[in-house]
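Engineer: Chains A and B, in that order, give the protein sequences. Mapping of the first sequence onto our numbering: position 165 corresponds to residue 165, and the numbering continues sequentially without gaps. So the mapping is simple: our numbering equals the position in the second sequence, first residue as 1, plus 301.
Since the hints were made in silico from the structure, they are not lab data. All figures in this text were calculated on a predicted structure; none of them were measured in a lab. Among the clues, some could well be false.
[Said to hold, decoys possible] Derived contacts from chain B toward chain A, CB cut-off under 8 Å, selection only:
(1) A309
(2) T323
(3) F333
(4) P357
(5) L367
(6) A449
(7) G517
(8) F569
(9) V570
[To be verified] FRET-style restraints, in silico, Cβ to Cβ:
(10) B:G420 - A:S68: 52 to 62 Å
(11) A:P128 - B:G420: 29 to 39 Å
(12) A:R228 - B:A379: 18 to 28 Å
The beta-carbon is built from N, C-alpha and C at its ideal position, and this holds for glycine as well.
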Amino acid sequence: MTGVVGRLVEWTAPCPTAIIQSMPSDLDAALVERHSIGDAFHVLVFEHGDVARNSRPGQFVMLKPGRSTALPLRRPFSIMDVDAERETFSVFMKVVGAQTQALAHLRIGQTARCLGPLGRSFQSPQSPSLPLLIGGGFGIAPLLLLGAVLRRDAYEPRVFYGGRTIADLALRRTLEDLGFSLVLATEDGSLGFKGLITAALEEHLDSCTLPTSLFACGPGPMLAAVARIAARRGLPAQVSVDPWMGCGMGTCLGCVVPTRKANEERPRYRCACTEGPVFESSEVVWTDDRASPSRARETTP
Amino acid sequence: MTLAVTIAGLRLKNPLIAASGTFGYGIELENFVDLGILGGIVTKGLFLKPRAGCPPPRIVETPSGLLNAIGLQGVGVASFVHEILPRLARFDTAILVNVCGDTVDEYAAVTRVLEDAPGVAGIELNISCPNVKQGGMAFGVDPLLTHAVVKEVRKATRRPVIVKLSPNVTDITVIARAAEDAGADALSCINTLLGLAIDVETRRPRLGFGTGGLSGPAIRPIAVRMTWQVAQATRIPVIGIGGICCAADALEFLIAGASAVQIGTANFVDPNVYQSILRDIERYLQRQGVARLTEIVGSLRYPRQQ
Chain A
1 MTGVVGRLVE WTAPCPTAII QSMPSDLDAA LVERHSIGDA FHVLVFEHGD
51 VARNSRPGQF VMLKPGRSTA LPLRRPFSIM DVDAERETFS VFMKVVGAQT
101 QALAHLRIGQ TARCLGPLGR SFQSPQSPSL PLLIGGGFGI APLLLLGAVL
151 RRDAYEPRVF YGGRTIADLA LRRTLEDLGF SLVLATEDGS LGFKGLITAA
201 LEEHLDSCTL PTSLFACGPG PMLAAVARIA ARRGLPAQVS VDPWMGCGMG
251 TCLGCVVPTR KANEERPRYR CACTEGPVFE SSEVVWTDDR ASPSRARETT
301 P
Chain B
302 MTLAVTIAGL RLKNPLIAAS GTFGYGIELE NFVDLGILGG IVTKGLFLKP
352 RAGCPPPRIV ETPSGLLNAI GLQGVGVASF VHEILPRLAR FDTAILVNVC
402 GDTVDEYAAV TRVLEDAPGV AGIELNISCP NVKQGGMAFG VDPLLTHAVV
452 KEVRKATRRP VIVKLSPNVT DITVIARAAE DAGADALSCI NTLLGLAIDV
502 ETRRPRLGFG TGGLSGPAIR PIAVRMTWQV AQATRIPVIG IGGICCAADA
552 LEFLIAGASA VQIGTANFVD PNVYQSILRD IERYLQRQGV ARLTEIVGSL
602 RYPRQQ
């Protein structure tokens, strides 16, 4: 694992429209390194100059191993790290099905179809503050690149990393090696704080007097909890969402998230791929019921 | 060698058209794709007013396919004409607008708005979307309703009217002939098949809308069969649609009787798939010693029935 962040990584201005501004490139990216952590978790390093040079923290790539149409779609992966000099980027993945299995078992030198970098990135903190990075499970991935860029810009981010059990915290050693100030939590108490990572976050916030800003990526309920905490305490929070995604280019409209900006009367669906995946937490209309049939009636275009 | 085809008086530089709902309004992909290499683009479906679409989750991958319930989220026809069409019309490709409606009147009204818009080559009538509660597929599964809506839209435009057929019927040729009788210039064959995927843990549908429309290679043999049936049952051109990913897939539809094809789900994986398909179709024609693509249309050598 490199842990090297390209010097060319920059923050981005908010994207004013749903249309992707820069030109992502689509090419066959060769796998150059694999670091397996147990059976399920893998860090894959691919060669792709455009992604290595142009990625911003929070952006993602769409990957597909091989040309099979048996599972037609690509899969989205957050960019975990980039190395502009080696022209490589890395992703962190968990094997959950046949497509991720095939990706995880590419041989070194084999290629995956790779489109990127895509999406709206995390935005730089508005004012000097302590950035708290909250990652749940494999949602930790984009926070590594974010953390590295924040440190380069003289911030001192603190990373909160939670999972159901110790095995879910597969990147804890990497984070330690990179020297991040780290708070770990497991629901079963097998490592660190016993309970939800958001409970550990609350405990920290109760005793923290510095102005803080929150950056989170993880499962929906965790992001909703971060949003509630941020709203209650008046903290700025950016969250990276991970819905089912079809194309990554804003055409299938499959990955929409109900959102409402401050100047909007009613919620509207926005594509996670082009208008996200990073949203202000206050703009997302959170729902615990992911398939609420009433949602369509509550939302206008 | 020429790949040019003419459908309903509309000359396309090649038979490859991007299918509605899989290519946005075209301009979303201008950074990814040389839009000028496409024979045509069918836009995302448009109603009179903007539509929110279905609640998420909206898509789920299934074996060799994609089940979706997007629900025709869209900007509405006025916004399309004023904000999107001027940008899209700059590209050298035929712009076909997919027209939707909750009622016959709405279909006709959307068509009339487009009638004055420069840059529209034709309209595709969407009477086959399975993911809306009113309109959509309700028209496309009933020959009388199909006839009624096509007749009204026919009156509202001088432009070519292509009717997109639903496969969710017992005999697609009945609907195809109803559309033809009402004045359709061509038929798109087929829209998605109605499907249902269930999350066994929660025992809920995996899509927010419940059911969805199945697309992708999984439906291709059904689509080729229906294209073949419709091409034989009608005298107007047929545009084949269903899981086309490569040149051989496209050629199946053409040989079955389609005059052109639409590419749908494959756009989500690789919107640049057109280049390689065109190249491979040219190679096929060379190999077969055929100078014009139109010579292979409907050239199926089907075994004689005993």
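Engineer: Is the shortest C-beta separation between F569 of chain B and chain A less than 8 Å?
Structural biologist: Hint on F569 of chain B: holds, closest Cβ of chain A at ~4 Å, below 8 Å.
Engineer: Does A309 of chain B hold up as a contact with chain A if the rule is Cβ-Cβ below 8 Å?
Structural biologist: violated (26 Å)
Engineer: Can you verify the interface hint for L367 of chain B: is its Cβ closer than 8 Å to any Cβ in chain A?
Structural biologist: holds (6 Å)
Engineer: Please check whether V570 of chain B passes as an interface residue: C-beta within 8 Å of a C-beta belonging to chain A.
Structural biologist: Hint holds; V570 of chain B Cβ to chain A Cβ min 6 Å, cut 8 Å.
Engineer: Taking 8 Å as the limit, does the beta-carbon of F333 of chain B come near enough to a beta-carbon in chain A?
Structural biologist: This hint holds: F333 of chain B lies near chain A, its Cβ roughly 6 Å from the closest one there, short of 8 Å.
Engineer: Look at the Cβ atoms of P128 of chain A and G420 of chain B and judge whether their distance stays inside 29 to 39 Å.
Structural biologist: With a Cβ separation near 51 Å, P128 of chain A and G420 of chain B fall outside 29 to 39 Å, so the hint is violated.
Engineer: Close enough to count: is the Cβ of P357 of chain B nearer than 8 Å to one in chain A?
Structural biologist: holds (6 Å)
Engineer: Cβ-Cβ distance between G420 of chain B and S68 of chain A: within 52 to 62 Å?
Structural biologist: violated (38 Å)
Engineer: Is the shortest C-beta separation between A449 of chain B and chain A less than 8 Å?
Structural biologist: violated (28 Å)
Engineer: Check the following: the C-beta atoms of R228 of chain A and A379 of chain B are separated by a distance inside 18 to 28 Å.
Structural biologist: violated (39 Å)
Engineer: Against chain A, run the beta carbon of T323 of chain B and see if the smallest gap drops under 8 Å.
Structural biologist: Holds: closest Cβ of chain A sits about 6 Å from T323 of chain B, inside 8 Å.
Engineer: Against chain A, is G517 of chain B within 8 Å by beta-carbon distance?
Structural biologist: holds (5 Å)
Hint violations for this structure: numbers 1, 6, 10, 11, 12, all remaining hints satisfied.
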